[in-house]
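J.: This is what each chain is made of:
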Amino acid sequence: MLIFEISKKDRCNPSQAPLEKAAVEKIPDRFRRKQRPLLPQVSELQALRHYTRLSQQNFSIDTHFYPLGSCTMKYNPRACNRLAMLPQLLGRHPYAPETTGQGFLACMYELQEMLKDITGMAAVSLTPLAGAQGEFTGVAMIRAYHDSRGDTGRSEILVPDAAHGTNPATATMCGYSVREIPTGREGDVDLEELKAAVGPKTAGLMLTNPSTLGVFERHITEIARVVHDAGGLLYYDGANLNAILGKVKPGDMGFDVIHMNLHKTFSTPHGGGGPGAGPVGANETLQPFLPVPVVTHEGGEYRWLTEISLPHSIGRLSAFMGNAGVLLRAYVYARLLGRDGMQRVAEFSTLNANYMAAQLAKAGFQLAYPDRRASHEFIITLKQLKDETGVIAMDVAKRLLDKGYHAPTTYFPLLVPECFLIEPTESEDKDVLDGFIDAMTEIAAEAKDSPEQVKGAPHTTPVRRLDDVRAARQLDLRWRPRD
Amino acid sequence: MLIFEISKKDRCNPSQAPLEKAAVEKIPDRFRRKQRPLLPQVSELQALRHYTRLSQQNFSIDTHFYPLGSCTMKYNPRACNRLAMLPQLLGRHPYAPETTGQGFLACMYELQEMLKDITGMAAVSLTPLAGAQGEFTGVAMIRAYHDSRGDTGRSEILVPDAAHGTNPATATMCGYSVREIPTGREGDVDLEELKAAVGPKTAGLMLTNPSTLGVFERHITEIARVVHDAGGLLYYDGANLNAILGKVKPGDMGFDVIHMNLHKTFSTPHGGGGPGAGPVGANETLQPFLPVPVVTHEGGEYRWLTEISLPHSIGRLSAFMGNAGVLLRAYVYARLLGRDGMQRVAEFSTLNANYMAAQLAKAGFQLAYPDRRASHEFIITLKQLKDETGVIAMDVAKRLLDKGYHAPTTYFPLLVPECFLIEPTESEDKDVLDGFIDAMTEIAAEAKDSPEQVKGAPHTTPVRRLDDVRAARQLDLRWRPRD
Amino acid sequence: MPFIPHTEADIKAMLEAVGVDSIETLFDEIPAELRCGELTNVPPRMNEFEVTRLMLERAEQDGYYINFIGAGAYEHHIPAAVWEITTRGEFYSAYTPYQAEASQGTLQVLYEFQTMMASLTGMDVANASLYDGASALAEAVLMAVRTHRKARRVLIPTTVHPVYRQVTHSIVTNQDIELLSVPFSKQGGHTVLDALKSHEGGDLAALVIPQPNFFGVLEDVDELTNWAHRHNALVIAVVNPVALALLAPPGEWGDAGADIVVGEGQPLGAPLSSGGPYFGFMCCRQAHVRQMPGRIVGRTVDATGNPGFTLTLQAREQHIRRSKATSNICTNQGLLVTAATIHMALLGPEGLERVAAQCHANTLALLEKLTAMSGVERVFDRPVFHEAVLRLSSPANDVLRALEGQGILGGYNLTQYYPELGEAILVCATETRGHEDIDKYTFHMERIMSKRRLDPPCAVKANPKD
Amino acid sequence: MPFIPHTEADIKAMLEAVGVDSIETLFDEIPAELRCGELTNVPPRMNEFEVTRLMLERAEQDGYYINFIGAGAYEHHIPAAVWEITTRGEFYSAYTPYQAEASQGTLQVLYEFQTMMASLTGMDVANASLYDGASALAEAVLMAVRTHRKARRVLIPTTVHPVYRQVTHSIVTNQDIELLSVPFSKQGGHTVLDALKSHEGGDLAALVIPQPNFFGVLEDVDELTNWAHRHNALVIAVVNPVALALLAPPGEWGDAGADIVVGEGQPLGAPLSSGGPYFGFMCCRQAHVRQMPGRIVGRTVDATGNPGFTLTLQAREQHIRRSKATSNICTNQGLLVTAATIHMALLGPEGLERVAAQCHANTLALLEKLTAMSGVERVFDRPVFHEAVLRLSSPANDVLRALEGQGILGGYNLTQYYPELGEAILVCATETRGHEDIDKYTFHMERIMSKRRLDPPCAVKANPKD
Ligand SMILES: Cc1ncc(COP(=O)(O)O)c(C=O)c1O
Ligand SMILES: Cc1ncc(COP(=O)(O)O)c(C=O)c1O
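Quick note, the sequences are listed as chains E, R, P and D, same order. Each residue of the first sequence is one higher than the one before, starting from 1 at the first, in the numbering used here. Each residue of the second sequence is one higher than the one before, starting from 1001 at the first, in the numbering used here. Each residue of the third sequence is one higher than the one before, starting from 2001 at the first, in the numbering used here. Each residue of the fourth sequence is one higher than the one before, starting from 3001 at the first, in the numbering used here.
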């Protein structure tokens, strides 16, 4: 039932609006709307009940194990939510003077300082609104750097074939063409191919380490040298920072610029799609190009640095300062974790991934990189299962839903066939991991004994398997009243 | 799965407590605990997930129609919750001086004033913690009144046979014996029986009007006269105030003392069992006996009146001032409703009840009092269904759960066989009522065609029909570890 | 219409179905002369924004204070998760779980709560809550008298919270129960066996034992328990649940343990909130469970043999037993119990113990600093948990007011209930009152006291009775 | 360990299963020389209580102000229910709904949102959000250029929010797109056809039309739309969603309506929160849907024929189309969209219209009072929605600071971006700024301005550039 279907004409919810409609005769008729928009006309209870019941149709971290690779679905502490929603913090206008926001700005400044340390970078800007915007920022900074040196012939961004889709898409948005670098047999970038690819056209390389294949790029120092030697710069996709928090810093690996996904590593909620926050860190070379605003602390006062004091900045990426409420949540999380807690995140997310990989391998599943350590995530390929039973990765994913587990990331990275990218995160207990492994084992057995059971999954969710093809062919993107 | 079953030794949740254990050597050993209590050892995520999932196993107003007669399960506005939980209000100590609580006390004072007006009483004390404690208060005041006049021979409280169980139980707690007055054929108190029962032993009469039979006691003025003439006083059980809010005042009906259930009429949440609030109002005769504290407003300041200024008070009923947070929610609700909104509550709860009664009657169900107007609730008796099909009221109640409706109150009042006491409340829409009526009609058909379907209900809830007899016989009131 | 979803068309259709032409007609059985006019003292409605603003202003007006008052309600840190889950609609807006199959969430929470409380107190069983600590004591007295059958006299030491004693009196005296008080030791602030002597021989239903007592002092619970049992009286323990993380559970007091345990549940996750809602808890021995007031949840099985939870032993309750019920209680404090259960689950045994230990340590630190000043002294010499009585050389009321001016609530003024102690206050520093707060308190106290030493307000004020 | 559930026993068992003897070993593929030491600039951890206290103190420090600033972010009343539901764990802690069957809650909310936005803007379809209004404008420019195929020049009037223009510039210029500005009428504060003349003939991909514009002024949207279409350019509307409850929807502008509509969603239920998270929305004609960036939800059926919801048209997106995607956006602002959907459902068409009308009325009331003073005047003579530009006879900065001292944020200082307007500020009174607040503003403004009239601070300060 859609909210529109419980709506009725003439119903109105008068506690939520001014008690009467004020006069608007000063707005000439020609500017005015003639017909009311199709918004629901429901009581407060009807709305509340409708959306409460809808919420119950979601899987979420708060209700289910959610080992979605590359997404770092870990516990989102409730304190972060509560403290970011204190009335004074919620009520502050983005253009309120800095004098009225010293408490808020102190949090932002301290967050910048912590992120600098964690990434090994010289400076951080908190402003990008998500990972992809952070990527855009980083690559735009690389471009601004080359441009600032009059080095305008560089037109290519190198991207490993295992990269997340946002990497090539970002390169395009920054006006670059994309050159893919293949992955070697063991999951590292193919160094020879890289060497062959770099050259005077190379603006930079986008890399995440550990990679989306769930392994640490062992030749990172050499890669950095190769790219730098060719005059290119290195961009670090920080989506996998959880794996190395407090263990190794991207700055030390040779990266020039990095984005972080605070909605992953710093546990701010994913909110069914967002918001996130994608702060960017830069080394001294790229620091002048950071987007504004950035917080500074001088003479006991916090204030914003803008394009006026940072004339080389690539500029602004959003109307205000960034996703402040998300940044506040990340700040609270960082204070709760502290220095040691950061390291532990890397340790236990890695332990969990390696444990699951080992147990799944024992249970007969094929690891994509059996000779490698898993980072905080790892890949299994279900190709053999498919060959033997006709059951594909998507079927197994759907069947997991029946067993009360959210599916891992499927069919990404693209180079591994029938793949599951599994990221348990550090906040899950061994019993939960064991339960998931049992469920996988059961499903593999079902695939042999009763494949229809698996192919017909899910059976217990609010809807059965949805017809995606029809969704795309017979577009139905909004509700319309019958009459 | 119980929380204890996901608990593991040595697990601890260190964000929630001091980071280290302080020294306690000043507490001699003989006072100390030797073994740790059996509290769960779980992570924050484990606790959160466990209780979030448990919550989803409840029916509630926020998720289901909940026409539980006598309970007034109407919408609990979220604003009431939010505003009662502002940090400063939550943080105030009950013994903090009045000077630090003028904002809070202003709300309490204004609530008292509104409740006086609504009930037609001379004074109100907010302190009773629920309806039953309000009843105790009222009857204890009646007793204090008689005692204050040296009139100590009165040992009986009259209670109609339809009364809620708390009425007779309260009379007992106040040291009275209970005398039941039968109900007449049309649902009113049998006046002749009442006249025969009153006398020098009569301390008072406890009555709710409209009664728990869902009808308005038409002879209330005469009843009051009869009891008063015999030297007794009248106590009004305010559980059904929703039906008459702003339409008729208990004080005008002749009642001397009244409690209100703010968790019913004033829409504070039931919370799966409580808390409630049972303020008491009294006319001038009983006012001196009201429990303390009471808020007063003098010289621009709000302060508490205690036993010192109210020497005839029956005293205190709780350690502090009452369920302040509940009272704040009721205050916010009253301000949102306002004067006119109060009347509308009575009007639309009554309209909903009469509509459902009419439609159910048309659908073939028997009304207990077909010739009467329904108040905000009404009764159907399923005796005929039982006689015809063997399906009893409890079976129908359980089957309603399968259809997504909470069951009405069953088997109360006791004098109507196989009864459903149905209270839709004003906050439900006609479509919801129609859906419920359809469900009832379907169930009646099922009772004839496939009675096992109904007797075996519920089928779709997290557990099937529970064995209450076993629960009482093989008491299992706490979990114990296996080993 | 706020909170009413009816449209004009609905109203028309509904009236037609009922067969009346106006809603007003539905009230025609109410005698016309009783009908009231407008509710003149109820103001016209406000919209949600207006009420929000009003409440924000009132909350601002009340402000924040650094609180060193305990006296039965304690400021503890409540994990954010507690109320974020507790106020989920499914818990918040459900009724008492009468339809068990549709209430497994609430019922399982209550069963877990009962398990936790039974273990914390060392008793066999717990109920699902009573109103608050004070009324729980009253119910325990009634229960003890019912259980004892013979005696109707109950001993309540004056070291029990004075308001608890008042409330118990208000509630039980109508049933011809006699409450006898027991004086405390001037030196220790505790109940000594000598003081009980005079009651030996008389028929006693129960002895109430607070631990810690109202003064924060630890009572000799083993001796007192044994004394009571020797004299055929039940033991009613009144305890602080946080203290129990450190202190011996009543189930282990003396040779046989307490018989009934009650207390205020507020320290387990309920915000101070000017006094409520909190909740009372009650535990007892299995043998007495049928005399217990309040809801009790039991585990059972469903039609297919799966475990499930349901309200049980309802034959004790008013809706079944009516005038013969163990109590008239119906609505209890369920939501607070939900909060407490989550609170305890989040803290765990280690966390609760750390909280208790830190409360103790902070209070000792505060006491040390305050009593180092001249004009401030400890009144009792016995060990305390997280509260203690201090005697001041200046009028308690004036000192507390001066502290309030500095944003500090310095303690609970004992002069009303215990005038014999002189200008005494009860101070408490929970785990939320760390060094910073203690230093602030000490700093201002020092200033206030020394000002008063050097420059007493005026001659009259020197009279402690003023 | 905060947020880590592992026990010693678990760790041991897990290491054994992996076949290593320490967790450290699992990091042995990281070159040793890269390993870092302690994070010295990350402070040691605090417990939740300590952080709570810190944050409460910081929030207190920032305090409350009566806010008359708009300029792209507006203070509206948000019903309490909105965030109480939005922060339910099931919405709050879910990912992007990749597994549709396990995400019907989020997906249906998005479908409902798309329906509401399409109707509010009068367009065919809406996406499921972009980051914010400014970046949505940049995406609209990119989309217009992709759709147009031939031209890469886009006209952006200077009446568009200056930061939106900056952001668009930062984002699109790397793709060789030219942004051309259009000056505004000095008298009306709007974009006049005359100013567009110079661009006729050139190849234009799109014209951006703000309504209301940054000055709060209503643009002649019909004429502008027709002009653009006549010159074969697409129309990108930038609108305020609350204003749309009163104003003609872009779908109905001119003869053919706008082609792409974007805007800042913040006024629909997002708290001001120092600037975010908010959300951008985008709507377009059905014909252009395959060029839209961002997630889109479609309704379809499941294996049994029942309706259900799923992400659709994913072939536009980066995870499928990679370097050829319509945008690199992945994570969007989903939770804010959930809030907006609930917000709109609670207000309904009547409620949103009342909010819009009250904003308008309050702003007019404010303008009337302020311009009655000498030294305060309206700059533009055209009708406004809920913002307007005022020119002051004293330096804007000084006046705003003086107001701030009285707890009032008096408006947005325009001198940085529009020095040509003199000492001008942009003021806004939403429905939350009623008489009381307006009177307070007026009172203090009167005092400040008259003091400055009588007693200008000092000679140098009279220079408006200072
Ligand atoms: C490896 C990788 N890079 C980049 C991103 C993009 O981040 P966001 O979704 O915050 O834009 C993601 C997120 O899915 C990712 O997994
Ligand atoms: C008619 C009636 N009277 C009294 C009560 C007792 O109120 P409470 O549950 O608040 O103690 C109730 C509640 O169930 C009731 O319905």
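There could be a bad hint or two in this list.
[What the hints assert, rightly or not] Here are the simulated EDC-like cross-link-like pairs (lysine to aspartate or glutamate), alpha carbons at most 20 Å apart as the crow flies: (1) D:Lys3440 to P:Glu2060; (2) R:Lys1009 to P:Glu2350; (3) D:Lys3012 to R:Asp1010; (4) E:Lys247 to D:Glu3404; (5) R:Lys1034 to P:Asp2255.
[Unchecked claim] On the chain R side, residues computed to face chain E include the following (Cβ under 7 Å): (6) Glu1005; (7) Ser1007; (8) Ser1015; (9) Arg1049; (10) Thr1052; (11) Tyr1075; (12) His1297.
Hints in this document: simulated from the structure, not taken from any laboratory. Ideal Cβ positions, reconstructed from N, Cα and C, are used throughout, including at glycine.
J.: Give a verdict on every hint.
T.: Each hint tested on the structure:
no.	hint	verdict
1	D:Lys3440 to P:Glu2060	holds (18 Å)
2	R:Lys1009 to P:Glu2350	holds (10 Å)
3	D:Lys3012 to R:Asp1010	holds (13 Å)
4	E:Lys247 to D:Glu3404	violated (46 Å)
5	R:Lys1034 to P:Asp2255	holds (15 Å)
6	Glu1005	violated (10 Å)
7	Ser1007	violated (11 Å)
8	Ser1015	holds (5 Å)
9	Arg1049	holds (6 Å)
10	Thr1052	holds (5 Å)
11	Tyr1075	holds (4 Å)
12	His1297	violated (27 Å)
In terms of the numbered hints stated before, the structure departs from hints 4, 6, 7, 12, listed from lowest to highest.
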